[in-house]
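Participant: Build out the structure end to end from the sequences listed, making use of the hints.
What follows is each chain in one-letter form.
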Amino acid sequence: MSDQAIVVEQRVVATSGGATVTVFELGSGPILGVLHGMAGLDSPTTAMLDLAADHRVIAPCLPGFGPTPDDPSLRSIHDWVVALSEISDAVGITGAAWLASSSSAMLALELAAIRPEAFASLVAVGPTGLWEADDPGVDLYSLPLGEQANLLAHDTEALGVLAGDPDGLDGDDLIEVGVSRYLRRRTAASLVWPLPDHGLAGRLHRVSAPVALAWGADDLLVPPSYGERFAGLLPAATLLSPITGAAHLAELDSPTEVATIVRQAAGGGS
Amino acid sequence: MKALWFHLMPYPELPEGFRDDHRSVWVDIDPTLYDPVVGHRAYHDYLDELEHAAACGFDGICVNEHHSNAYGLMPSPNLMASALARSTEDAAIVVMGNSLALYNPPIRVAEEMAMIDGLSGGRLVAGFPVGTPMDTCFAYGMNPATLRERYHEAHDLIMRAWAADEPFAFNGTYTKLRYVNPWPRPIQRPHPPIWIPGGGSVETWEWCAEMDYVYSYLSYFGYKAGQATMKGFWDRMAALGREPNPFQAGFIQFVGVADTEAEARRLYREPAEYFFNRCLHLYPPFADPPGYRTEATVRAGVEGMVKQAADRAKAAAGSSKPGAFGGLSFDEMIDRGYVVIGTPTTVAEQLTEVATSLNVGNLMLLCQFGNMDRDLTMFNTDLMAREVLPEIRGLFEDEWEHRWWIKPMPVDQRRPSRRAEVVQ
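Residue numbers (the working numbering), protein chains in the order written: chain Z, 3 to 272; chain E, 1346 to 1769.
Because the hints were derived from the structure by calculation, they are not lab data. Keep in mind it's a predicted model, so treat the numbers as computed, not measured. Ideal Cβ positions, reconstructed from N, Cα and C, are used throughout, including at glycine. Hints are supplied without guarantee of correctness; some may be wrong.
From the derived model, a few chain E residues whose C-beta atoms are all more than 12 Å from chain Z [what the hints assert, rightly or not]: (1) Glu-1456; (2) Ala-1514; (3) Thr-1605; (4) Pro-1689; (5) Arg-1738; (6) Asp-1743.
Pairs of lysine to any residue residues, derived as SDA-like cross-links and limited to a Cα-Cα distance of at most 25 Å, are as follows [as the list claims (entries may be wrong)]: (7) Lys-1521(E) with Ser-192(Z); (8) Lys-1752(E) with Gly-1739(E); (9) Lys-1521(E) with Asp-73(Z); (10) Lys-1569(E) with Thr-1691(E); (11) Lys-1521(E) with Asp-1501(E); (12) Lys-1576(E) with Asp-174(Z); (13) Lys-1569(E) with Thr-1605(E); (14) Lys-1576(E) with Val-181(Z); (15) Lys-1521(E) with Ser-78(Z); (16) Lys-1752(E) with Met-1460(E); (17) Lys-1569(E) with Asp-1580(E); (18) Lys-1576(E) with Glu-1742(E); (19) Lys-1569(E) with Pro-1629(E); (20) Lys-1521(E) with Ser-75(Z); (21) Lys-1576(E) with Ile-177(Z); (22) Lys-1752(E) with Ser-1432(E); (23) Lys-1521(E) with Ile-79(Z); (24) Lys-1569(E) with Pro-1735(E); (25) Lys-1752(E) with Glu-1457(E); (26) Lys-1521(E) with Asp-81(Z); (27) Lys-1752(E) with Asp-1435(E); (28) Lys-1569(E) with Val-1643(E); (29) Lys-1521(E) with Asp-199(Z); (30) Lys-1521(E) with Val-84(Z); (31) Lys-1576(E) with Ile-1737(E); (32) Lys-1521(E) with Pro-74(Z); (33) Lys-1521(E) with Arg-77(Z); (34) Lys-1521(E) with Gly-201(Z).
Facilitator: Here's what the structure looks like:
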């Protein structure tokens, strides 16, 4: 299916908790829930467009990451897990196969630890949530802003507003882009500050659904070596070979490879 | 006009090539640079200097809080303030201040400040800063997204604790206490004066205006660069219908005075260059973690004072000028008002300009800065007290009431300080 044939629906959904989230839906087939990484979500990514060829891709934008407003009541990981649970129900991805990246993968695993039916299977791309003192990874927020983008993805254009100001904007539009970038950086940082370890290691044994662990080979934020620790703690994990040429947000750098992984995981071929 | 003597307590022996060989003066500064013996000497010298300033007539002496920082050796300003409460008589003890979100539970601030107020006989000014991003988010690991909410909750708890006449329960988001009942209680009722140190955040000056607190803009870049921020504060005050009482504002200023202009430039060049080139050698990402600035501040395009310092220090790294800070020479630092240097007459003129142009009634004067030694600091302090303060002290006094000043116990009820006993 070509990109032009895919209809993208964007709508705003209310959760049972009273929050509203923007969700993108595209394609047809079995439902695939997609949770974005630190860059947020302003429109479907290349990987989502690929997967929409044979899936009904449903991708909510989490609070503070773009079109979904910031929610100051989300302070702790517990708050976030409850919010994700309500968002999952509201957009209709509970019990489906999921693809989740970075801190969203951590939240998905946290949710499954207390709600095992949250997803049928998960492809986790570079999940945060563990901490190895001997192998801590780069502290993203101790780097100059320009270097932060390169560590998230080699394809910095795929980062959208996180990569910089779009050409041709001025005045109020430029201010709004700058504010949007700052807010999603704030939200992303709040999930891993000061360290990404919120106790997930002690809860991973409760995740019963199969989890495929994918990593960008060039991930300096959560080094690929973390895959072995996750695999050792998860009851039903498959650790995949790191994706060559991809940084932390591997789904942005290598969308075709990640889409292939998702299809293999859904077909039990991982 | 209140003239306050402010000490940052800088580490005095950062190496000559510090800027080239090290990334930052703050957060990840090389711990091997700290010599405890140098620190021992510095603490005693600095307390001597503060005590001397109080004895020779400054209205108040100021200490503040920093962490993992080589230009501020006071992780706990309360320790210094308690020592000074014992060794001074009349000067205000201005703690600028305790970064409220860093105290767990924050009732500790209510307790310790009540102790200082008690020891000093009611001379405490209670400063409540949010704290710099280096101190709060990096050195103390506070989540920048929740820092200000924590701060405001801590403020509410402390103020309620000081006002309450019976124990109460506090059910905050971050602090939950079944029994809030701080002993001791402050001498000043209902509470010591509240001053808020700020680095340029829009919310901070708006909040001060709304709460009727003193806003103290702690900029290292002098009164000329401080105009925009102080105008923002006074504009907000006007919008709220508040009077422009200069005693509701404070400002910090580096000062060096000598008998001649040439002598002043000779004496204070090295300490100024030490401060701006070594002490302000900040690594920029530490100054702006995402979430520290509020949305309103980002929208207004306002960058905090420390972020400006970091950016200027970074620019300085590419400068070929000897002793340059952000491409500025020592003479340019003077011209731009970063440091006020001169004779008693010219310094008094410049400080009058600082106070009147910013409409500030509380001048916090850095008479020690950088690696200025004890002798020069004492000389500077003496000359300031003897020949400059009399020229500026009358400013605003006839027009405005200082409603944010200390209310000490009557002298006849106060136990003499240790210094007074020794003198007797």
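Participant: Could you run down the list of hints and mark each one as holding or not?
Facilitator: Comparing the hints with the structure gives:
1. Glu-1456: holds, 26 Å
2. Ala-1514: holds, 21 Å
3. Thr-1605: Label holds. Min Cβ-Cβ 45 Å, cutoff 12 Å.
4. Pro-1689: holds, 45 Å
5. Arg-1738: It holds; Arg-1738(E) is separated from chain Z by about 44 Å at its closest Cβ, greater than 12 Å.
6. Asp-1743: holds, 45 Å
7. Lys-1521(E) with Ser-192(Z): holds, 22 Å
8. Lys-1752(E) with Gly-1739(E): holds, 20 Å
9. Lys-1521(E) with Asp-73(Z): holds, 23 Å
10. Lys-1569(E) with Thr-1691(E): holds, 16 Å
11. Lys-1521(E) with Asp-1501(E): The given pair, whose Cα atoms are some 13 Å apart, holds under the 25 Å limit.
12. Lys-1576(E) with Asp-174(Z): Distance of about 23 Å is within 25 Å: holds.
13. Lys-1569(E) with Thr-1605(E): holds, 24 Å
14. Lys-1576(E) with Val-181(Z): holds, 24 Å
15. Lys-1521(E) with Ser-78(Z): holds, 16 Å
16. Lys-1752(E) with Met-1460(E): holds, 16 Å
17. Lys-1569(E) with Asp-1580(E): holds, 18 Å
18. Lys-1576(E) with Glu-1742(E): Given pair Lys-1576(E), Glu-1742(E) holds - Cα atoms ~21 Å apart, limit 25 Å.
19. Lys-1569(E) with Pro-1629(E): Given pair Lys-1569(E), Pro-1629(E) holds - Cα atoms ~23 Å apart, limit 25 Å.
20. Lys-1521(E) with Ser-75(Z): holds, 17 Å
21. Lys-1576(E) with Ile-177(Z): With Cα atoms ~23 Å apart, Lys-1576(E) and Ile-177(Z) stay inside 25 Å; holds.
22. Lys-1752(E) with Ser-1432(E): holds, 19 Å
23. Lys-1521(E) with Ile-79(Z): holds, 19 Å
24. Lys-1569(E) with Pro-1735(E): holds, 24 Å
25. Lys-1752(E) with Glu-1457(E): Holds. Lys-1752(E) to Glu-1457(E) sits at ~18 Å (cutoff 25 Å).
26. Lys-1521(E) with Asp-81(Z): This hinted pair holds, its Cα atoms lying about 18 Å apart.
27. Lys-1752(E) with Asp-1435(E): At roughly 11 Å apart (the allowed maximum being 25 Å), Asp-1435(E) and Lys-1752(E) satisfy the hint.
28. Lys-1569(E) with Val-1643(E): holds, 23 Å
29. Lys-1521(E) with Asp-199(Z): holds, 24 Å
30. Lys-1521(E) with Val-84(Z): The hint holds at about 22 Å.
31. Lys-1576(E) with Ile-1737(E): holds, 22 Å
32. Lys-1521(E) with Pro-74(Z): With Cα atoms ~19 Å apart, Lys-1521(E) and Pro-74(Z) stay inside 25 Å; holds.
33. Lys-1521(E) with Arg-77(Z): holds, 16 Å
34. Lys-1521(E) with Gly-201(Z): The hint holds at about 22 Å.
In summary, the structure agrees with every hint in the numbered list given earlier.
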